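Peer 1: Going down the list, the protein sequences come from chains B and C. Using this note's numbering, the first residue of the first sequence is number 338, and each one after it goes up by one. Using this note's numbering, the first residue of the second sequence is number 725, and each one after it goes up by one.
Think of the hints as simulated: they come from the structure by calculation, not from any bench. Please note that the accuracy of each hint is not assured.
As the list claims (entries may be wrong) - Derived lysine-lysine pairs resembling DSS-like cross-links, with alpha carbons at most 30 angstroms apart:
id: 1; chain 1: C; residue 1: 959; chain 2: B; residue 2: 579
id: 2; chain 1: B; residue 1: 544; chain 2: B; residue 2: 472
id: 3; chain 1: B; residue 1: 531; chain 2: C; residue 2: 884
id: 4; chain 1: C; residue 1: 884; chain 2: B; residue 2: 368
id: 5; chain 1: C; residue 1: 1002; chain 2: B; residue 2: 579
id: 6; chain 1: B; residue 1: 535; chain 2: C; residue 2: 884
id: 7; chain 1: C; residue 1: 1002; chain 2: B; residue 2: 402
id: 8; chain 1: B; residue 1: 579; chain 2: B; residue 2: 590
id: 9; chain 1: C; residue 1: 959; chain 2: C; residue 2: 884
id: 10; chain 1: C; residue 1: 959; chain 2: B; residue 2: 339
id: 11; chain 1: B; residue 1: 571; chain 2: C; residue 2: 932
Small disclaimer: the values here were computed from a predicted structure and weren't measured.
Listed below are the residues making up each chain.
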Amino acid sequence: MKKYELETVVRVSERYGSGLLHLVLERTDGKDMPEMAPGQFVEVAVDRAKVLLNRPISIFNRTDKALELLVSPIGTATKALCEYVTGDRLRIIGPLGHGFSTQFAAGTRVLLMGGGVGIAPLYYQLRTLLSAGVKAEVVYGNRTAQDAEICALFSGLAPLHVCTDDGTAGFHGLVTQHPATEGAFDFVQVCGPKPMMKACARLAAAKGVPAEVSLENQMACGLGACLCCVEDSKDGNVCVCKNGPVFNTSLLKWQ
Amino acid sequence: MAIDLTTHIGNLTLQNPVLTASGTFGYGLEYADFIDLDRLGGFVVKGTTLEPRQGNPYPRMAETPSGMLNAVGLQNAGVEHFIEETYPLLRDCKAEVIVNVSGAKIDDYVAVAERLQERTGIRAIELNISCPNVKQGGMAFGTTCAGAESVVSAVRKAWKGHLMVKLSPNVTSITDIALAAEAAGADSLSLINTLMGMAIDIETQRPKLSTVTGGLSGPAVKPVAVRMVWQVASKVSIPVVGLGGIATAADAIEFLLAGARAIQIGTYNFVDPSVSVKVVEGIEDYCRRHGVEKVEDLCGALKI
């Protein structure tokens, strides 16, 4: 998919719960957003953070006019990015990398599993799957009800099962313990903290179905040029930015 | 006023003085969505070794103030893969495609150069005697005059094309190494490679890189690089190619004034994938504003 440098302006900057920021960006030239696939990411130049490198941020959603991101204030740059408000400008490079599989036979049952800000790529993926007639459900875990407020954006799309660590909303426990995961599925797609993704991969393996996970190794270029973000795979060191960020777990050395 | 950007580096003629640095630009193709590669003076492709290399374990990168540390460790698919798979895609590029040649032993450097000579139309190689991220070879050759002399003279015997030698800043006297490389037959010198550095995660109390130390690049190193280019250019008679932290045309012009005949852009390609073309345009604009008809007139024009 062709990559672009895009000058964008923030149209919506809305905080959910304890800190996740939903950003809706449009191009300053008013043109349509280029084609982007779910699970791909963009590099964002966070000029105000006074950091050198751009930051890879997952694509939450793409519409004809808008690119939507979800940002969690974790490091210097993401904290600064979470202060951007309507009217602010952001330079974006993307779309980058390879996303989740979307070509499934109609009627295929896909289980989407997200943890924390890892919910980000699952929204666009869910929309894409549903519009292709694929059956999908989401199981989403976070620490507290407040942290899980981002789920409001998913209302009306497909069954979304919330899990919280403290039991303040939905199921009290881990995503892999949620009763919804006991059903029959043909494919599992995951984004979240690595220990959670590994547990989800084990769950998929126990069901005998394939799993895809989205990795977030530290990156510099995002283009497959610097070779900094490598993951040790069965094919040797592969770039998360170019060969991923989404990988089938059969390629990874996780077990 | 038409500005002549033509740049001569020994027997090599470039359409302008802007190259991109090895390890920061892949094989050029990674950037083809952002820039027209034909507009560059040239690009130096990823360090190429005789055998494929997996490089160092992750994590390989740590951002630092105005810079970054890397410890990639020359991951590449080997010279055969380059010749068979990559070179055909670059053959018709108008920009000069320069291959960065790396190795652990002198014989490896020579073997890579010989294969490139026999089976490609590559006209210039950049001999990497300055990689700080591999245990054997690399910087070991670039930190002593005898080491530099031995590998440069061995490759010189085998390689008929343009021989650029990339120098390490991690030495007591870079001019001594530069003179040794010149005496051994180098056609030009490129400098600087990365500065050895280190960063620590104080929460885990562990190094941020798997290899503990790595190579520092980015705007943070630019003043060191300009100083070294100036020192080397005033000592040697072969052309010098300057690199280290260039992010703008203004940075590039500093290097030219200090005595560089051409420049390479490295880390900033990660920040702005079209920076190289912007620097070409910026240099042309500077020449126009300063009434400089030929960019080569800027080379070493520093007034002291």
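Peer 1: Against the structure shown, which of the earlier numbered hints fail to hold, in ascending order?
Peer 2: 1, 3, 4, 6 and 10
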